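Make the full structure from the sequences, and use the hints.
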Amino acid sequence: MKTLFVGDVCPKDEAVKELFRAKDVKTLFSDTVSIFEGNDINFVNLECALTESENAIEKFGPNLKAPKETAEVLKSIGVTVCGVSNNHIFDFGTEGWLDTEKAFKEAGMDYTGFGDNYEDSRKNYVVEKDGEKVCVITVCEHEYTYALENRMGARPFDCYDTIADVREAKAKYDRVIVIYHGGKEHCPYPSPRLVKLYHALADNGADMILGQHSHCICSYEKYKDSHIFFGQGNFHFVWPNTTEAWNSCLAVKYDTKSNDIEFIPIVTGEKGISLAKGEEKEKILARFEKLCDAMKNNTWLDGWREYVATVSTYYNDVISKAYSDCEDSELYTRIFGHYLDCEAHTDIWRETNKTANETNR
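First residue of the sequence shown? That's 138 in our numbering, and the numbers climb one at a time after it.
No wet-lab data here; the hints were simulated from the structure.
Heads up, some of the hints might be wrong.
As the list claims (entries may be wrong) - SDA-like, lysine to any residue: derived pairs with alpha carbons at most 20 Å apart: (1) Lys-212 x Met-289; (2) Lys-414 x Asp-168; (3) Lys-390 x Ser-411; (4) Lys-408 x Gly-245; (5) Lys-270 x Thr-217; (6) Lys-149 x Asp-177; (7) Lys-491 x Ser-449; (8) Lys-160 x Ser-411; (9) Lys-408 x Ser-395; (10) Lys-139 x Tyr-262; (11) Lys-418 x Ile-398; (12) Lys-205 x Glu-232; (13) Lys-212 x Asp-236.
None of the values given here were measured: they were computed from a predicted structure.
This is the structure we're talking about:
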């Protein structure tokens, strides 16, 4: 099968929301529509609820939503399925999700990565054509919106169940593709945990693993016969005054028959996105090649540690103020609890707070 996978889609900017309401595909997507043509699977990660609800859930960070017409626009450009296992799909609770589900149904759009409870969320997305069966498994880290045993939510990563899900899928399907929504935002290098996890997913049957949530293009490596891409970057996430890294991404074309992969550079403009061309395209690909080289020559860990050094002060400040007598102790205690829950944040703790076992050389 011919497949296309792209990263985060979120009409956050108010002017962009109006363009989605007006279904102005030309302004929003311009020539990127061409990459959706001729594929059997076109996957995007919908990084928001499709709702007009004002009942936001409690969380640290923005609560993201977009007009219901977003589903119709995505359908019109050729998207066949939206991945919704991420840390924003439940930003407006049950009401927001039911509105989102209704928007999908009205647009005739498939989705994957959400369920009425934890077990229900573990449903795979399977496409069969000409005797070939391809399975897509979407999971997210533990940030606010993940399903519980008795509550609806996004399909969360589980260090036992997800590995088992991949292994069981590989026994039944020709190709298994895992979409992992996690890792540290804005860091182009993976954590040691993430490298080990992605290798384990590959060893248990994943033919391609795509990281999302990074908001920047990250490292890639070919591990045995599996493709591992630690972060695609944003696909359509217009947000004024953001960085160059935020405004570029790599769409992934994957041929499940040949196991060939292709990277397509895309850039974000003032109101929409377009295919990168000329020097801009060369610049993105050159930067990506350096990240790939870091995985080959094993210098990615240096890049990861350099990034951690830039955020360690903030994390340690949270630790020092949680459960303390400071004025905002309750706030920092809640932040600390969230950071302990989420895998990407615990990656930072492990790097900045070495145990005695690490130092007993």
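To see whether the hints hold, each was checked on the structure:
1. Lys-212 x Met-289: violated, 25 Å
2. Lys-414 x Asp-168: With a Cα-Cα distance of about 11 Å, the restraint between Lys-414 and Asp-168 holds, given a limit of 20 Å.
3. Lys-390 x Ser-411: Holds - the C-alpha atoms of Ser-411 and Lys-390 are around 16 Å apart, at most 20 Å.
4. Lys-408 x Gly-245: violated, 26 Å
5. Lys-270 x Thr-217: holds, 16 Å
6. Lys-149 x Asp-177: Violated. Lys-149 to Asp-177 sits at ~29 Å, over the 20 Å cutoff.
7. Lys-491 x Ser-449: Roughly 13 Å between the alpha carbons, so the hint for Lys-491 and Ser-449 holds.
8. Lys-160 x Ser-411: holds, 17 Å
9. Lys-408 x Ser-395: Outside the cut-off at roughly 36 Å; violated.
10. Lys-139 x Tyr-262: holds, 16 Å
11. Lys-418 x Ile-398: holds, 18 Å
12. Lys-205 x Glu-232: Distance ~13 Å between Lys-205 and Glu-232 Cα, so the pair holds.
13. Lys-212 x Asp-236: Holds, at about 17 Å.
The structure is inconsistent with the numbered hints 1, 4, 6, 9, although it conforms to all the rest.
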